[in-house]
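Asks: Residues per chain, in single letters:
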Amino acid sequence: MELPKPDPQRLAKKEQTAQALLAELPSGTVLYAEEDLIAYQCDGVSAYRQTPMAVVLPGSTGEVSRAMKILHELQIPVVPWGAGTGLSGGALPLADGVTIVLARMNKILEIDYENRCAVLEPGVTNLRISEAVRHKDFYYAPDPSSQIACSIGGNVAENSGGVHCLKYGVTTNNLLGLEVVLADGEVMRVGGKGMDDAAYDLMGVLTGSEGLLAIVTEVTVRLLRKPELARAMLAVFDSVEGSGQAVADIIAGGMVPAGMEIMDKLAIEATEEYAQSGYPVGAEAILLVEFDGPESEVEYLLGKTGEVLRKAGATEIRVSSSEEERLKLWAGRKAAFPAMGRISPDYYCMDGTIPRAALPRVLGEIRRLSDKYGLRVANVFHAGDGNLHPLVLYDSNKPGELEKAEDMGTEILKLCVDVGGVLTGEHGVGVEKRDLMSYQFGENDLDAMQRVKCSFDADSLLNPGKMFPTLHRCAELGKMHVHGGKLLFPDIERF
Amino acid sequence: MVNQLPEHESKSILQPSNAEEVQDCVMAALSNEAPLEVMGGGSKRFYGRSVEAPRVLSLAGMKGMVDYQPHELIAVVRPGTPLAEFENTLAESGQMLAFEPPHWGAAATIGGAVACNLSGPRRVKAGAARDHLLGFQAVTGRGDIVMGGGRVVKNVTGYDLSKLMCGSFGTLAVLTELVLKVLPAAENERTVVLAGLSDGEALAILREAARSPYELSGMAHLPVGMTMPAPVAGLAAGDESMTFLRIEGPAPSVAQRSEQVTQMAKRQTGFLEQGESREVWAAIRELQPLPLQDGESLWRITLPPTSSAAIMDILRGKMPLRGFYDWGGGLIWCALPASAKAADVHRFALEAGGYARLVRASEELDGKTQVFPPLAPTNRNLHVQLKQAFDPNGILNPGRMYEGI
Ligand SMILES: Cc1cc2nc3c(=O)[nH]c(=O)nc-3n(C[C@H](O)[C@H](O)[C@H](O)COP(=O)(O)OP(=O)(O)OC[C@H]3O[C@@H](n4cnc5c(N)ncnc54)[C@H](O)[C@@H]3O)c2cc1C
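In order, the protein sequences belong to chains A and B. Quick note on numbering: my numbering labels position 87 of the first sequence as 85, and the sequence is numbered without any gaps. Quick note on numbering: my numbering labels position 197 of the second sequence as 276, and the sequence is numbered without any gaps.
Excised from the complex, chain A in its bound form (with noise of 0.2 Å):
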């Protein structure tokens, strides 16, 4: 992967940039030193490494639009950081950009019970949300394992999803209104309290953005009532195959539950060390199913998937029977990724979703990559929406070692676009995955993309060099294309 090219014109500029930011934001809101930029130097992604030329750290949204007004001016790119959770190098900086952190601006503006939703700044963390409403039995539905960690302005920069949006849906299926910077720094304001947008669905499209089109100031979500009662399910299985059937025949049967997650056998071991969920080592791989609801409705759901997961040949079956077992069965599925670091110094997670049919072709080539490549693999794989969670484990020490997980983690992607899926359900594109972008999709999806960008940033100024492979010129992309003399059609009364 290779880093963008600084433009040495726009590095000569560092100190006029950090002096014209310092000029109209209140003090401690510009970061320029050396020493104070390092927190800054990489998101989730800690292979990808760089320091910018300055950090912004604002405490409003009048103070996003003066920053952004001035690097406008001063035409300087800007990388958007919420909480630097992101693991898809979304917020690595730019040497010749700034960095606005928005972590600063992270207070809840308001709760409004009646019409169910939230007003919140984009630093808010996303379990706060959750947490501020929990005595009146309220939650917000999307939850990244990160959760503790990431902001929601990150969350909608991603348009995260988390183990339950099987029933309840991502990010983007949660929101209802945005408020926004634009890349000159005019404040824009879409959605709102009500459902639908005014025309075209902006939101729509700012959610996933990846921090290219806007910089978001505000978020209004969606909240939930809490379910009268959640339980989870552990069914033991010989094989991740056997599972991935499960699945399957659990939809067949008509059910939607809350979250539908497996793990292999590497997974159950490296997690059951750190979190002590009670999961059975040595077993091939577990499926935990979550069904929340009425009492009556999960009772009789359980009772329908427990059927469904002995014919599909489950060697064992658990159910929680309080909320903490529950809690308990989750804990090692949250806690898959930190886990890792028992079982080894580094990891590289990949993230394609998958048609759930091609499951065992799909697990099978990694099992032959893992072999090619001499690196482990461990799975755990959001099974109801086909996203799987790769992990490929290697040491950075090692010399070579990166790189050989690099190569092995692109032929597993291109894999899950050769099967008919994507390359990311729920991480992103951002650095990592952006040479890639050419495998999934034509010249002209990209093309079509790409304008989506001019329309709101023509300078490409709002990160650039994540998402695209190759960034065109916005005048080069206005042009109409001539289809192979179409132009010149006589007329069309076939039709």
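These are calculated hints, taken from the structure and not from any lab test. The structure presented is a predicted model; accordingly, all values stated were derived computationally and were not measured. Each hint can be trusted.
Simulated crosslink set (DMTMM-like; lysine to aspartate or glutamate; CA at most 25 Å straight-line):
#1 K345/B / E226/A
#2 K412/A / E256/B
#3 K345/B / E112/A
#4 K204/B / E226/A
#5 K204/B / E297/A
#6 K134/A / E338/B
#7 K412/A / D146/B
#8 K11/A / D34/A
#9 K204/B / E108/A
#10 K477/A / E112/B
#11 K224/A / E338/B
#12 K326/A / E297/A
#13 K224/A / E293/A
#14 K204/B / D135/A
#15 K204/B / E129/A
We have chain A; now place chain B with the ligand onto it with these hints.
Replies: Frame of chain A, contents of chain B with the ligand only:
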């Protein structure tokens, strides 16, 4: 099936049968500088400003399922597939389009439903059309065939262009294939009916229901004077309002929750079971309680549920009005007289934190009346930029949403 246009219209109809032919039509339109009116079955043709185009590009010939994988929860379908046919196919596998799109006529196609981002009563629980479009193939106003999204239910690769397609009323691109999320249909349903409540009382109960853990999948209130299908007859006198709360799920769950909802409402109630319940919600979805009379225009206002009773009062204070509430008060459907000024309705909605849309303008109104909410300058500018990006020569449904868009 060929679209029939009213006799007085002399537009010619192009009926391509695949994406390449759509591309040919677009390229020809570009070279002749002759815009196209993009049409599915024409059932929602009235929704939008009038489109000045010499030709209709009809998608009615592009029908049928491309790929349907019930266990993967996806269906890939051609845009001209009649909505009813598509829903029947899903039902054969025990599945449904959870956003419950309104048909508004037998000609309705899935492409049209998605292009208008119209969602029915279940939107409160299951989300809107835009939440169910996972991917697409389309021909842009540049004549490019583009793909967006994917064929899996979870995907964040690149911008979510499906969101942009959904609700853009064919002004950016012609959808030639849609990937939709499909879900298992509920095993059972029951509707709790409350009679005789004022708007304020009913909406308070609906909001309480929305805040409850009972997972309501339909919450509507019909003030006095609305006509409803037969099953309702025994439950409310003709001069009483009616409030409906739908509960779907496995039988034991439906039984439990309908009890709980009844207790919560503290009201004399009746139940509508299964088929009766379905009939009533289909009627609400199809706006049967609100048949338009001569000179009336149909408006759709989405807003925070707490504002809806107040805005109805404001409108009622200014003009004769008939209307009802869906989405737990988050949506108002109303019929307003020709004297109602569109600009006023838009302003009231914006002031209440929502958006109004003139879904069907009465004959008296000019086709250029403002249908969609006025946009703030920055917001409008982005709409113009996006139109430029996808359809720089303005050949797809020009002016349908806004002047110049
Ligand atoms: C242990 C671990 C577990 C994880 N589990 C999950 C999981 O289960 N599901 C999941 O989806 N993800 C998961 N992630 C990934 C990550 O937490 C999410 O992508 C999260 O949403 C990132 O939020 P952040 O605030 O840390 O954003 P950052 O990492 O700071 O930024 C992410 C991207 O968003 C942009 N950005 C950030 N804030 C803004 C803003 N206000 N406006 C505009 N752009 C902005 C950045 O430029 C960058 O491109 C996990 C990460 C870790 C480390």
